[in-house]
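Each chain, letter by letter, is given below.
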Amino acid sequence: MATVQQIAQSLQESSRSVGSGEFSGHAPIELDRLSHDYGSRLALDGLSFDVRPAEIFGLLGPNGSGKTTLFRILSTLMVPTGGQAHIAGFDVATEPNRVRQQTGIVFQATSLDVKLTVAENLMHQGHLYGLRGAQLQTRAKDVLARVGLADRARDLVETLSGGQKRRVELAKGLIHSPSVLLLDEPSTGLDPGARIDLWNYLRILRDEQGVTVLVTTHLMEEAEHCDRLAILNAGKLVALGSPTELKAEIGGDIVQFETRSPEDAKTLAAGITQRFAVQPSVVGNAVRVEREHGHRFLTEVVEAFPGAIESVSVAKPSLEDVFIQRTGHRFWLEKNEEKS
Amino acid sequence: MATVTVPTRVPTNAVSKSTATTSLWTPAYSLWRRELVRFYRQKARVVGVIASPLLFWLVLGAGFSKTFQTQGPNGGVASHYVGYFFPGAIVMIVLFTAIFSMMSLIQDRNEGFLLSVLAAPISRSAIVLGKVLGGATLAAIQGWVFLVFCPLAGVHVGPFGILYSMSIIALASFALTALGFIIAWPMDSTQAFHAVINLVLIPLWLLSGSVFPASGASGWMKTLMLLNPLTYGVDALRNGLFPAQITTFSPEINLIVTLGFCAVVFIGSWAVVNRRTNKPAA
Numbered sequence: 142m143a144t145v146q147q148i149a150q151s152l153q154e155s156s157r158s159v160g161s162g163e164f165s166g167h168a169p170i171e172l173d174r175l176s177h178d179y180g181s182r183l184a185l186d187g188l189s190f191d192v193r194p195a196e197i198f199g200l201l202g203p204n205g206s207g208k209t210t211l212f213r214i215l216s217t218l219m220v221p222t223g224g225q226a227h228i229a230g231f232d233v234a235t236e237p238n239r240v241r242q243q244t245g246i247v248f249q250a251t252s253l254d255v256k257l258t259v260a261e262n263l264m265h266q267g268h269l270y271g272l273r274g275a276q277l278q279t280r281a282k283d284v285l286a287r288v289g290l291a292d293r294a295r296d297l298v299e300t301l302s303g304g305q306k307r308r309v310e311l312a313k314g315l316i317h318s319p320s321v322l323l324l325d326e327p328s329t330g331l332d333p334g335a336r337i338d339l340w341n342y343l344r345i346l347r348d349e350q351g352v353t354v355l356v357t358t359h360l361m362e363e364a365e366h367c368d369r370l371a372i373l374n375a376g377k378l379v380a381l382g383s384p385t386e387l388k389a390e391i392g393g394d395i396v397q398f399e400t401r402s403p404e405d406a407k408t409l410a411a412g413i414t415q416r417f418a419v420q421p422s423v424v425g426n427a428v429r430v431e432r433e434h435g436h437r438f439l440t441e442v443v444e445a446f447p448g449a450i451e452s453v454s455v456a457k458p459s460l461e462d463v464f465i466q467r468t469g470h471r472f473w474l475e476k477n478e479e480k481s
Numbered sequence: 021m022a023t024v025t026v027p028t029r030v031p032t033n034a035v036s037k038s039t040a041t042t043s044l045w046t047p048a049y050s051l052w053r054r055e056l057v058r059f060y061r062q063k064a065r066v067v068g069v070i071a072s073p074l075l076f077w078l079v080l081g082a083g084f085s086k087t088f089q090t091q092g093p094n095g096g097v098a099s100h101y102v103g104y105f106f107p108g109a110i111v112m113i114v115l116f117t118a119i120f121s122m123m124s125l126i127q128d129r130n131e132g133f134l135l136s137v138l139a140a141p142i143s144r145s146a147i148v149l150g151k152v153l154g155g156a157t158l159a160a161i162q163g164w165v166f167l168v169f170c171p172l173a174g175v176h177v178g179p180f181g182i183l184y185s186m187s188i189i190a191l192a193s194f195a196l197t198a199l200g201f202i203i204a205w206p207m208d209s210t211q212a213f214h215a216v217i218n219l220v221l222i223p224l225w226l227l228s229g230s231v232f233p234a235s236g237a238s239g240w241m242k243t244l245m246l247l248n249p250l251t252y253g254v255d256a257l258r259n260g261l262f263p264a265q266i267t268t269f270s271p272e273i274n275l276i277v278t279l280g281f282c283a284v285v286f287i288g289s290w291a292v293v294n295r296r297t298n299k300p301a302a
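Taken in sequence, the protein lines are chains Z and D.
For the first sequence, the residue numbers in my numbering are 142 to 481.
For the second sequence, the residue numbers in my numbering are 21 to 302.
The set of hints was computed from the structure by calculation and includes no laboratory data.
Cβ atoms here follow ideal geometry from the backbone N, Cα and C, with glycine treated the same way.
Don't take every hint at face value.
Stated by the list, open to error - So, partial list: chain Z residues that the calculated Cβ filter (under 7 angstroms) puts toward chain D: (1) Asn238; (2) Gln242; (3) Ser252; (4) His265; (5) His268.
What the hints assert, rightly or not - Quick list of in silico lysine to any residue cross-link-like pairs, SDA-like style, CA-CA up to 20 angstroms: (6) Z:Lys256 / D:Met123; (7) Z:Lys256 / D:Tyr60; (8) Z:Lys256 / D:Glu131; (9) Z:Lys256 / D:Thr157.
So here's chain Z without its partners, still in its complex pose (with noise of 0.2 angstroms):
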């Protein structure tokens, strides 16, 4: 047996890890039961779910919905008032530096030093992180080729444009080789083609280094890309899963009736109600109706109720539908029409 545990070791050697093979009992991040209480509102309410090991997990909500806190939380900036969260097995209140040697962070903010070179601020964050010397210098100069910046080593970040500057924040988040990639709203201020550069070197990172990537986001089509999804409101979780599975709960197609007024918009619900025997759901102006064969039931509404319907659309079910059937109201919301 002595073979197997060589090879095992030489393995372990050879991709110089510790991280999720040591761990392996342990998700790379786990809830449970995690709450934060500010005192005078519940930021979070009792959330548990796992992240699995090299997977690209999405934390989508609208503003509010408690996404920075948790953030903050994992990012061990924050102790949290109630529950538990682990990283790669250790506790983020009571092990911090050991969940920060395992954790890389992209902040939504920048948190570059502007008055340094690329390098610098590279090298200053690999001496946080107990990096030292040609190691580190080398690792400097595989993050920074990775993120396409090689020959901008020596520039001062403020000549840098805004996702270049991001890309150098990924550099600065991936120094000390993590097992888990923390970003909130990676996104923020990048165009459309920085911004799908940026996920083609996530994918790159879990496939290739088996690196489990959070990104926080509010955006929809952001979190399409994601491999699994938590979707929060009001601090707590109202689904989980892939994409493509929580659009699949809803079945079939969207059929969207849109009004005048929502005093029309409950009329023509009842009335469906009884002519179609479904249950529409009544979003501002608009009915809402998730059916199998969207376009036929279309026109036979339409038929059914003429005038009382101002413009129809069917669709696939989005991430939005998913929002709006588990939580009864739209993504985006005011703030004085939170509490209905």
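Chain D: place on chain Z using the hints.
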């Protein structure tokens, strides 16, 4: 034959365990270095270090000597006071440079840089040490540059006196930068920092024996001066610059109080930084 199950995706990137321990010196060195690099990248600050003592000296020195000459019957008073004022002037320069250098802490916080430092696996003491030593180095350099004016102030001092004075300047720089750190840490606006600084700094300097000696002050004023730790720093600098002169306190007391001041403010900075709370860190 034994089969070995190989994970389909072996992480090639996890950090080796040896680096998982919290280190102090590398991060502190890195933060210290950053302060210096930022300093010489901003040319206006470099010019300021050289030019401000010069300007200060020309204006104040000339002004004082004229005023005192008209008052003093034999002209000796003027040169005497300029000599007396010299250590106080150095301390003032150091005081301002040291405390204002910690404005960068507020800037770091607002620019997001501090966030990435706080999220790193380092001891918070490394942050204090790096930032405070960085600011202190700049303040000390500023004070040392000022020593060039010794001959102009009628101060003739040997190599030991210069070395002693430089050490005292370094200690005062450290203590005052740490004081600035404590004030700047909880703040999020440089304007508020200015307001507090003016409230604290000016009295701290005026009542430090820089302008008039504690021995000549009376009543509560004297008590305040004796309570002011900077008084002993100024006096210690006098010990270095005028070895023959008898100062208000003995050199030993001056040195002990100054070292104690350094220790107290450093521990204070360490304490404000080491709070982990349920509130956002930055």
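Going through the hints against the structure:
no. : hint                : in the structure
1   : Asn238              : holds (4 angstroms)
2   : Gln242              : holds (5 angstroms)
3   : Ser252              : holds (4 angstroms)
4   : His265              : holds (5 angstroms)
5   : His268              : holds (4 angstroms)
6   : Z:Lys256 / D:Met123 : holds (16 angstroms)
7   : Z:Lys256 / D:Tyr60  : holds (10 angstroms)
8   : Z:Lys256 / D:Glu131 : holds (12 angstroms)
9   : Z:Lys256 / D:Thr157 : holds (19 angstroms)
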